[in-house]
Every structure is written in C-alpha cells, then in structure tokens.
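Student: Build out the structure end to end from the sequences listed, making use of the hints.
Here's the letter readout for the chains.
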Amino acid sequence: GESVGLHLPTLSVQEGDNSIINCAYSNSASDYFIWYKQESGKGPQFIIDIRSNMDKRQGQRVTVLLNKTVKHLSLQIAATQPGDSAVYFCAENLNDYKLSFGAGTTVTVRA
Amino acid sequence: SQTIHQWPATLVQPVGSPLSLECTVEGTSNPNLYWYRQAAGRGLQLLFYSVGIGQISSEVPQNLSASRPQDRQFILSSKKLLLSDSGFYLCAWQGRELGELFFGEGSRLTVL
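These protein sequence lines are chains A and B, in that order. So in my numbering the end of the first sequence lands on 111, straight run, no missing numbers. So in my numbering the end of the second sequence lands on 1112, straight run, no missing numbers.
In case anyone wonders, no lab produced these hints; they're calculated from the structure. It should be emphasised that the depicted structure is a prediction, and the values quoted were computed from it without experimental measurement. The beta-carbon is built from N, C-alpha and C at its ideal position, and this holds for glycine as well. Hints are all accurate, no fakes.
Straight line, CA to CA, 25 Å or less: simulated DMTMM-like cross-link-like pairs of lysine to aspartate or glutamate: (1) A:K98 with A:D55; (2) A:K42 with B:E1100; (3) A:K98 with B:E1022; (4) A:K98 with B:E1059; (5) A:K42 with B:D1085; (6) A:K98 with A:D49; (7) A:K42 with B:E1105; (8) A:K42 with B:E1022; (9) A:K68 with A:D31.
Now the in silico label distances, taken between C-beta atoms and shown as ranges: (10) B:S1077 with A:H72: 36 to 42 Å; (11) B:S1065 with A:Q45: 27 to 33 Å; (12) A:T10 with B:E1097: 31 to 37 Å; (13) B:K1080 with A:Q58: 45 to 51 Å; (14) B:R1108 with A:D55: 34 to 40 Å.
Tutor: Here it is, written out as structure tokens:
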C-alpha cells in the first residue's frame, strides 16, 4: 500500500505486504528529517531519521528515502504487521529549536 | 538513560476552571523543552518551547501559559479553561546532537 503526499491521510495495507508512507516537506534548507509513530492514546515515538547529506537510511524493517530535488520523504515498512497500525508523522528540522510536523498518515493493517 | 514524565494522564475540567499540567525530564541537563497540542485526528501544534529556566517562547496566541521553574520541569497552565482547550497535550525534550524530539505519554484534557 502507498499514500501520496499529505492529502491522503489514511493507508490500508494487508498484513505481510510492504507499506509506503509519503511526505512532502516545505523548506529546502531543512537538513534533518524524522519519522514518528503514534499509537492511539500515546505520545509519538521516534522511528528513524535521516540527514540531508543522505538519500536512504535503513533500520529494522523500515527504510527512509529522501529526495531533496522534489522535497519528498518516504517511509517504507517491510512485511507490515498488525502492531504497525498507527499514525505516522514526518518532521523536518526548521532550525535549532523547531521541528515542523506533517499532518500524519493513519495506517491500518488488515489481517 | 533519559526519561520524560508528564501528568496527569487524563483530566476532565469544567469551563472556567484552572489548569496545571506538569512535565519533568530525567537523565539530561539543560534540555530544550516543548509543549504541543494535538486535536482529535489532527497533527501536532507547537504551543511553547523553552531553552532554559525562566525562558519561554510562545508560538501561538492562546489561553494558555507555560513556565519553567527548574531546569528539568516544564508546566503548562491556564487561569480559565475554554471548551476549545480540549485536546491531547504532549511534552517533549530535544536531543542535543541532532535535534530530534522525545515525547512524553501525553495528557488528555476534556473541558466540559
């Protein structure tokens, strides 16, 4: 399953499939980006980050891709599991003190 | 390791009553601290941030205020709550090296 930009706030994916969550960021000068996962009723949790001098970074079952040319960030989740159901936020570091968050994508995993 | 605590976790308050949400961080010194609000099904809105004791920056005009009486304590307050103050409030501290934020578990406020 794949979401596009910030205008498709939900993504439904079959368990075991790969998920792709997309995010368009606003500031071409941003040099640091983060993906957060927020489960219902809890605070956002850090998943993975990437600096602007990289275009890809891999974690455990997750990969973040950065395309600075089009100011696009994506999070790929391999073999999506029921526990991956959550809201996912991208964030860009605008300056030393502020992160700007996207609107979020709600991911629902179908059994 | 660093930890962040905020309380209370849930609060139901009548319109016009005062509010105090508290956040403390352990395991780090002189952190940048943040208060965010999240309306139901929405993104994160930055309310206040603080780079040191007594230093508060407000992002949006509102019915709330923040204070930082100690290095690792951040308090969100209101003298008279409005219905529109209902929401999920999140405290966060900022990592020094890269600037990532680490969030508390949140405080859900319902104003009736």
